[in-house]
Every structure is written in C-alpha cells, then in structure tokens.
Amino acid sequence: MKKKTLLGMTLAELKEVASSLGMPAFAGGQIAKWIYGSHVKSIDEMTNISKANRARLAEAYEVGCAAPIDAQHSKDGTIKYLWRLSDGNCVETVLMRYRYGNTVCISTEVGCRMGCAFCASTIAGKVRDLRPSELLDQVLFTQLDSGREISNI
Numbered sequence: 001m002k003k004k005t006l007l008g009m010t011l012a013e014l015k016e017v018a019s020s021l022g023m024p025a026f027a028g029g030q031i032a033k034w035i036y037g038s039h040v041k042s043i044d045e046m047t048n049i050s051k052a053n054r055a056r057l058a059e060a061y062e063v064g065c066a067a068p069i070d071a072q073h074s075k076d077g078t079i080k081y082l083w084r085l086s087d088g089n090c091v092e093t094v095l096m097r098y099r100y101g102n103t104v105c106i107s108t109e110v111g112c113r114m115g116c117a118f119c120a121s122t123i124a125g126k127v128r129d130l131r132p133s134e135l136l137d138q139v140l141f142t143q144l145d146s147g148r149e150i151s152n153i
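Under the working numbering, the sequence shown has 80 at position 80, and the numbering climbs by one with no breaks.
Think of the hints as simulated: they come from the structure by calculation, not from any bench. Among these hints, one or two may not hold up.
[What the hints assert, rightly or not] Subject to a maximum C-alpha distance of 25 Å in a straight line, what follows is the list of computed DSS-like cross-link-like pairs (lysine-lysine):
#, residue 1, residue 2
1, Lys4, Lys15
2, Lys15, Lys2
3, Lys41, Lys75
4, Lys80, Lys33
5, Lys51, Lys41
6, Lys80, Lys51
7, Lys51, Lys4
8, Lys51, Lys33
9, Lys4, Lys41
10, Lys33, Lys4
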C-alpha cells in the first residue's frame with residue numbers, strides 16, 4: 001500500500017489524521033509543528049509523540065520530504081537544484097541571492113505548454129501541476145540546504 005504524504009496537509013487535515021488513528025486531536029498540531037516548524041524528514045523524529053502513535057502514523061503516512069538529485073552552484077551564489085519526483089518526472093528550483101534578500105524560483109508544474117523553442121521544459125508539453133507537498137518541499141529544502149532564509153518566492 002502506498003503511504004499518504006503529510007507534507008502539504010493543513011492543520012485541520014492533520015488533526016483529522018491524528019483522530020482517525022486514535023490519537024488525540026492535539027497531536028495534529030504537534031505533527032504540524034514538526035513538519036512546518038522543525039522541518040523533520042521522518043515521523044521517527046517527532047519525539048513528543050509516543051512511539052506507539054508514531055508507529056501507527058508511519059504505517060499509513062510519510063512526511064514526504066524529497067531531496068534533489070543534483071545541485072549546481074554558481075560564482076554569484078545562485079544554486080540550481082534538480083528534483084526527481086515520485087513519478088519519475090524532473091523539475092528545477094533556483095535560489096538567487098540579492099542584496100535585498102534571497103529569492104527562490106520554484107517549479108509549479110512538470111513541463112510547459114508555451115512552446116518556446118529555446119526551453120527544454122516545453123518539449124513534452126505540460127504533464128501535470130505539482131502537488132502542494134512538492135511545492136513545499138522545494139522551499140523548505142532550499143532554505144535548509146543553503147542556510148539562507150528565503151525572503152521571496
């Protein structure tokens with residue numbers, strides 16, 4: 001059975017997940033703090049949730065954090081990440097450093113239907129929109145990996 005992804009769920013959804021597993025509803029808030037506040041990559045890292053509840057949660061869910069398959073660093077501090085998504089498609093994320101802050105350019109879809117001759121993203125056309133968890137992954141990972149606070153998306 002494919003596990004569901006917690007990353008991208010709202011607080012209300014996380015509370016429902018907790019309740020559906022027999023956990024107290026406040027555990028949904030704890031899960032949210034671990035994912036969105038501490039950026040954990042594993043349910044096992046959620047140490048204020050009992051081992052039994054973590055085990056129940058891990059049976060059906062995963063945090064959903066991915067790591068890029070490549071990162072290229074330029075002289076000006078720009079970092080370009082290449083991601084392979086769970087369905088095998090690839091997208092890119094770019095972190096650009098400016099004097100007024102750090103801007104991350106995230107992919108919101110696989111492929112593109114614009115048809116620009118100079119762009120590789122348009123070759124196969126638009127394949128699909130990215131899921132909320134895939135969008136969040138790009139921002140959270142980029143900030144953690146670079147050690148730079150993201151000020152603009």
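Outcome of the hint check:
Restraint check: the Cα-Cα separation between lysine 4 and lysine 15 comes to about 15 Å, which is no more than 25 Å; the hinted pair holds. A C-alpha spacing of about 21 Å is found between lysine 15 and lysine 2, which places the hinted pair at or below 25 Å, so the restraint holds. Our distance criterion of 25 Å between C-alpha atoms is broken by lysine 41 and lysine 75, whose separation comes to about 30 Å. Between lysine 80 and lysine 33, the direct Cα distance comes to roughly 28 Å. Violation of the 25 Å bound is thereby established for this hinted pair.
Between lysine 51 and lysine 41, the direct Cα distance comes to roughly 16 Å. Compliance with the 25 Å bound is thereby established for this hinted pair. For the suggested pair lysine 80 and lysine 51, the alpha carbons sit about 38 Å apart, so the restraint of at most 25 Å is broken. In summary, the hint linking lysine 51 to lysine 4 is supported, as the alpha carbons are separated by about 19 Å, within the 25 Å threshold. With a C-alpha separation of about 17 Å, the suggested pair lysine 51 and lysine 33 falls inside the 25 Å cut-off, and the hint holds.
For the given pair, lysine 4 sits about 14 Å from lysine 41 by alpha-carbon distance, which is consistent with the 25 Å threshold. Simply put, lysine 33 and lysine 4 have alpha-carbon atoms about 18 Å apart, close enough for the 25 Å limit, and the pair holds.
Checked against the numbered hints above, the structure breaks hints 3, 4 and 6 and satisfies the rest.
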